[in-house]
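From first to last, the protein sequence lines stand for chains A and B.
Take 337 as the starting number for the first sequence in our numbering and just add one per residue.
Take 3 as the starting number for the second sequence in our numbering and just add one per residue.
Calculated directly from the structure, the hints in this document are not laboratory data.
Cβ atoms here follow ideal geometry from the backbone N, Cα and C, with glycine treated the same way.
Output of the computed footprint for chain B on chain A, the stretches with three or more beta carbons under 8 Å from beta carbons of chain B:
{"id": "1", "segment": "530-537"}
{"id": "2", "segment": "672-680"}
Far from chain A, by Cβ distances over 12 Å, these chain B residues were calculated:
{"id": "3", "residue": "27"}
{"id": "4", "residue": "157"}
{"id": "5", "residue": "210"}
{"id": "6", "residue": "244"}
{"id": "7", "residue": "299"}
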Amino acid sequence: MPHIALGGEDRTDEQRDLRMELRRLLTRLWSDDHARELADGDRTTGAKLAAVLEHDIALGALLVPEELGGHGGGCVEAAVAAEELGAASAPSRLLGDAMSAHLLATSGDAELHRRLRRVVEDGVPAAVVWPAQDATWDLHQIHPVEITGAGASGRFRYVAEALDAALLLVPARRGAEFGLLLLDLSREGSGVELHPAKGADVLRPLGGLTVAGPTGEWVGLAEPQRVFTETVALGAIVLAAEMIGAARSCIERMATYAGQREQFGRTIGSFQALRHQIVDALVAWEAARAMTYRAAAGFAAMTRGTARIDDVEPMARMAKAAASDALGEASETCIHVYGAIGFTWENPVHLAFKRWAASAQIFGSPTEQRVRVCQHAIINAGGRAGGALRVAG
Amino acid sequence: MRSLTTGLALTAQQAEMLDELNRYLDEHFPPEHEGPSGSTPEWDSDEEYEWNRRFNARLARDGWLTVHWPEEYGGRGLTPMDNMLVREQLSYRRVPICNANGLDMLAPILLQLGTKEQKDAHLRKIALMEEHWCQGFSEPEAGSDLTSLRTTAIRDGDHYVVNGSKIWTGHAMRAEWMILLARTDPESRGSRGLSLLMVDLRNTPGVEIHPIRSMTGAVTFCQEFFTDARVPVENLVGPEHEGWRASQRLLEHERVRAANSALYRRDVDDLVEAVVARDVVDRATQAALGHMIERVECARALTYDIATELSETGRFAPHAPSVTKILNSRLGGDLTRLAVDLLGLDVCSYRADDANWDFYQEFLFSPVSRLGGGSTEIHHDIIGTRYLGLER
Ligand SMILES: Cc1cc2nc3c(=O)[nH]c(=O)nc-3n(C[C@H](O)[C@H](O)[C@H](O)COP(=O)(O)OP(=O)(O)OC[C@H]3O[C@@H](n4cnc5c(N)ncnc54)[C@H](O)[C@@H]3O)c2cc1C
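Okay, chain A solo, but in the shape it has when bound (with noise of 0.2 Å):
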């Protein structure tokens, strides 16, 4: 298989060895038999996969500062590991513990830093409840759970990761004041209902959540706004380095296939008409990773102060739009390029096509990131962006 990416080396050895190991593990654990068999509905396949990642690589605590038991990775690890569970369609709990870790460190409250601490050392799969069609990425657009005397109330259509949780952060609002209601599954009886809700990425099942009721615990936030807009943008940075990782696979795959596979006497790859597509996923998929690894760097340095929301913001918007259209194209293309043996459910590129469809639209569609991005650049033109254009959805 050729080695692909223009800016592959690693900047850290801690970033290269996390590669390095996650590779290791997923090529001897994660075969495209068992994305088969997970896509055909046993769910027990992903039980030994998830194990290892948690106790071998504790995956779980990689965001979580050190002073607070983890390993204190930052967000470009956060990305190296998505790259890597992508590329082999590995499922994972990386973005609800990527997001719920990040949330929890930088909400500045001790409470909520205890809190993390226990999640790390018991090993508690976490989640934020942040509606997954949301592209604004603010909490004063989006229907947080009400909390009044009778308790919470509160519906989220599509959430990612909450299925298997057992710690769900719910943004919330409780008269004028916002924050966080933290529902523990374990204990919470009535009053939370989570459903299955029909999705396209057997990899990330999503669900339906209702609160109703007396339930969960109230916590404020201090900054609330910046707390959560910070977290979804780690978690599109995530996406998006994961359709890299489905991406680069499709892109290894095609290359490969296409140097084999003879038609008219020759190799299929060796027709401009094929070999340029490739090319062209190829090209795509190079700056749509540069750019995700851009906007990586840029939040962990807005993560150690060094760099402002306001400019990470755009970057991780750039990256998930980048990253979207570049999975689309290379699974698309690599279907192609296997033709009728592309189609078939025992080819498993049909699972970065269904990935892409998912994917793509969590936290906004490339178009609502695209209009996003066009607004920032309005208002840093001196404009005003809601009355220049006017925003979708």
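Let chain A serve as the given structure and place chain B with the ligand on it in line with the hints.
For chain B with the ligand alone, coordinates are given in the frame of chain A:
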């Protein structure tokens, strides 16, 4: 029920015919049987397939499936243009057409090249769904390069003895008959020495059929193995060893089918409805949908021209099928991607009222449109070399 307008100067008879058809469908075709794609009902559940099979037979009995066939075979003796107008409405109403291979590929060849016995034996049964047909052309090693195929049919007295394997055969899991392209001259290579044979799949010893599951999750095609399968000589269609020319015509008929463009028009209309129901529609979305409508209507305009030409002269321009194929396959892919973008995560759950299909299914079928019936690349080569005279 919305209807499909042609924008053509129809004759009074044509206009009346389409009104009558729409009234007929209002009465007999409930929306819960609407299909995502015009010619893939065999991918559906057994129950749904059975319903469609019966409904297709009824359509044929009531004179709606083969209006352009001669009256002696159950047609109305109308023109290819009339047939296209009818098929457009059927597509727009999402009426699943079960026997696409029989109706649109084999039948035109039989009408032109078949013997009287062959026509008498098969045409009516094709229309009435008593014989569901599949098309056995592709092989594991011969896809785009079809004429490199290796399945042999060697003459032995009154029979051809068939050995080899066919693959990706749509409809084969339901079909009783196959139109087979095989090498009858074992000394030949390339496009010479191939013949078309009609094979009774269910009553010929030595034929094995293995289903293949596709990325949609359903069985959409099969692989067949032939081991000394004996096919009577009278099942040869057209001249021996000259099957390639005949089969080229078969494939061209596959390509100029109007059905696709009209179905795409229905897809856009449904998408507009879905988008309007959900939200205010911003300018960018309006432009994207407007562009889709324009592309669909351009494709329809072209199909009208081709059908008119065919009705008046019995021919069409040599590159017409390839142009149509490329336009329609691009449309199919772009349309479903737009649907995914506009419906977002709802794409898997959104359904029009009462419908039996969703845009997600269409999205899953969409990669096929660039490949089936000769890939986009192959059609570029055909137009470039045969029409523009460019060097290979
Ligand atoms: C859903 C479905 C239904 C089908 N139904 C039938 C059926 O009923 N009967 C039947 O006989 N067949 C059927 N087919 C098979 C179809 O006709 C073949 O898939 C098609 O001819 C391509 O062959 P292949 O799959 O072997 O791909 P290949 O020929 O191996 O092609 C692989 C890739 O190489 C490209 N390529 C090949 N040659 C060139 C070239 N010269 N220049 C540039 N690019 C090139 C192709 O475009 C494709 O992207 C069906 C296929 C599908 C997916």
